[in-house]
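Kindly produce the complete structure, drawing on both the sequences and the hints.
Residue numbers (the working numbering), protein chains in the order written: chain L, 1346 to 1843; chain R, 63 to 316.
Calculated from the structure, these hints are not laboratory results. Glycine is no exception: its CB is placed at the ideal position from the N, C-alpha and C atoms. Do not take every clue at face value.
Said to hold, decoys possible - Just so you have them, the derived chain R footprint on chain L, three or more residues with Cβ under 8 Å:
no.: 1; segment: 1368–1380
no.: 2; segment: 1434–1448
no.: 3; segment: 1620–1631
no.: 4; segment: 1661–1670
no.: 5; segment: 1700–1712
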Amino acid sequence: MSFVSIPFIYNGDSIPMDAVPVVGDAAFHQTIAELVESGGHLSAMLAAPKDDNFLILAVISAPKQEQIGLIATEVAKEYTSLTPECPAAQGFEREIFEQWGLKPQGHPWLKPVRFQPSRRTGKALPIGDADFFSMAGEDMHEVAVGPVHAGVIEPGHFRFQCHGETVYHLEISLGYQHRGVERSLVGGPDKRTIHYMETLAGDSTIGHMTAYCSAVESLCGLHPSPTAQNIRAIAAELERLANHIGDLGALAGDVGFLPTLNYCGRIRGDALNLTAMICGNRFGRGLLIPGGVLFQMDAKLRRQMRDRINILEADLDSAIPLMFDTPSVQARFEGTGALSADIACRIGLTGVAARACGLDHDVRSHFPYGAYRFDNIPISIYETGDCLARAYVRWLEVKQSIEFIRRQLDLPDSGAGSHPKINSLAPNRLAVTLSEGWRGQICHVAATDAQGKFAFYKVVDPSFHNWFGLAYALRGQQISDFPLCNKSFNLSYCGYDL
Amino acid sequence: MLRVLKARYEQKHRTMKYPSGPLPALPDRFAGRPEIKGPCPEDCRACIGACPVNAISINNKCIAMDMGRCLFCRVCVTACPHGMIMFARNHQLSATRRQELIVSTGSPVKTEILSETARDIFGRSLKLRQVSAGGCNACEADSNVLGTPAWDMGRFGIQFVASPRHADGLLITGPVTANMRLALEKTYAAVPEPRVVIACGACAISGGPYIDHAETINGASSVVPVDLFIPGCPPHPLTILDGLLRFLGHEIPD
Ligand code: SF4
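Okay, structure coming up:
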């Protein structure tokens, strides 16, 4: 038991800002360490100015309690680093240092996170200008890749420390996509807020919008209608479907198994087009708004979508098992880029990557929201932690999503999709929302000031946790396995860089 | 092996016939080219106030909408009390001059070829290096789609290549962050001349949702000269393909 009692809230609830206990350094430390030790996930950690000092707030999602714990400490310049005990804090502590200059004493390496301008001084380090991990000795060599890569993908810099073909360490240095979103959210919501949310990671528009809408709804006491929740959940599972299908195809491509690559490239488009049937946009832009959804789904549309889902399912059944049943594919997937459950847990891995290590993390089950409160999706788990597991979990989830979408399409549209008017946000409150994006846990933490405007708004994309997992997975692998490992995680650069 | 062949048979041949055959189906609720009526009542500025990215201006009682800034979110349609704005299902949005992206009352829809020079130089082969510079990755996704068998832009000699040194030009997405500026400049310098630059999506044309952020520089033309603008957030794959084809001098039958 922790020796301070902290408030636990349900996913999507809010509490008065001053209900979060502000404790001393040691108690902050111990409480978080204990919660994480007992299976909690450090969902977010952030700093916000408070009078002349700063408040550091930690958000821990505790699957046992099925609730979210909140605790804070006040810091002037430095505090004791959590990272040595709780490695999942490493990125958050570096981020807080980069943004506000608050130093975690005992952090092993305060590398820049995204080379963003300091929120205090406005100055940024020149991108890429940092110390990198290096190894020396005969036959050692370093391979540097990026920021501009060979494919049509986002920019980032990767450095491999190699001996022959073996990678001893991969260092990932990001920040090229940093466009100042969190900073711009302060003082909102305003007419641009929704567009920031829709483009935090363009392939996760629905995942992030679900978290955002639920934060605003909780701060202004709105409850979206069952129909709105139904449509949001259909869109969220279509998003998962499209991305998982695309990834399965790309994984096939990375081991040279072209049939599945080519079929999935097209079938992914069919899934995106299903989302476009709802709102006109393949990525679900403009579908969700705080208070509900902007488009209806009448019986005819639901019938058409059901027919298309059936076709899509048949196409997948011919395209995907083909890959898993091919021995040469299996041989490349098996054992490549394996992570243990223990490491996954300690570094705070989330989503598909975590479930592929046998961890039963899934916001939809443990912290259910919206339609998932009434229609539970079983958690898909595989235990080998390697590329095979990350591929196979995706396939299991594709099948679950298809079943779920079918069930949700069978529900009627009551026609009441959205609230006509949004109230202003309650002042001085804190809302925490989680949603299960297709990559993993999305966490939004919104706080209002005395006027009911955002005092801060923290976004944690699943990629923030998982990039470190990719680096770790590559240890001891061959450098030629990098594309496969990378694709098996398929992380977001823009969601990390914000 | 037999299963591979069986799957091949089941999946059929799916490359679309477009442009010689019919247009691929666009969703019913698709927001394409804005169509603007007018004149507007003297004192009404409802749409201007609602637009998140200041894409709308007014002159001579008629509104002008900048498709280079537009996110196609349609809040202006809802905001306008007089029904002056609608988004048609027309997907043909691209232009070679920035000014041509501004549409107003009665602006003609352009369907003709966009560049004779580009046709003469790159008409049969255009290799592009894609540079992603700070957007949300949706523009990249819908550009990438053009390489899948359904769209197969390789049919027209268009292809994304791995190195700028193998490329005839760049296709840029994202508002160009301060952190990507140098990389973009270097990539551009590495493309041999003659070369083209394509700005794909609202971000790359104007900064998009991040317009005027200190962390970005409001699009590609702040660093490199742009030859083709493809609006949208993100542009539909058909909008991108149409832009590329007409830029290369392909006549698209109606
Ligand atoms: S234009 Fe829109 S879709 Fe394209 S990168 Fe920018 S925000 Fe994303």
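Verification of the supplied hints:
1. 1368–1380: This one is violated; 0 residues, fewer than the three required, reach chain R with a Cβ under 8 Å.
2. 1434–1448: violated (count 0)
3. 1620–1631: holds (count 10)
4. 1661–1670: That given contact holds, which follows from 4 residues of the segment 1661–1670 of chain L lying within Cβ reach (below 8 Å) of chain R.
5. 1700–1712: That given contact is violated, which follows from only 0 residues of the segment 1700–1712 of chain L lying within Cβ reach (below 8 Å) of chain R.
The structure does not agree with the numbered hints 1, 2, 5 stated previously, though it agrees with the rest.
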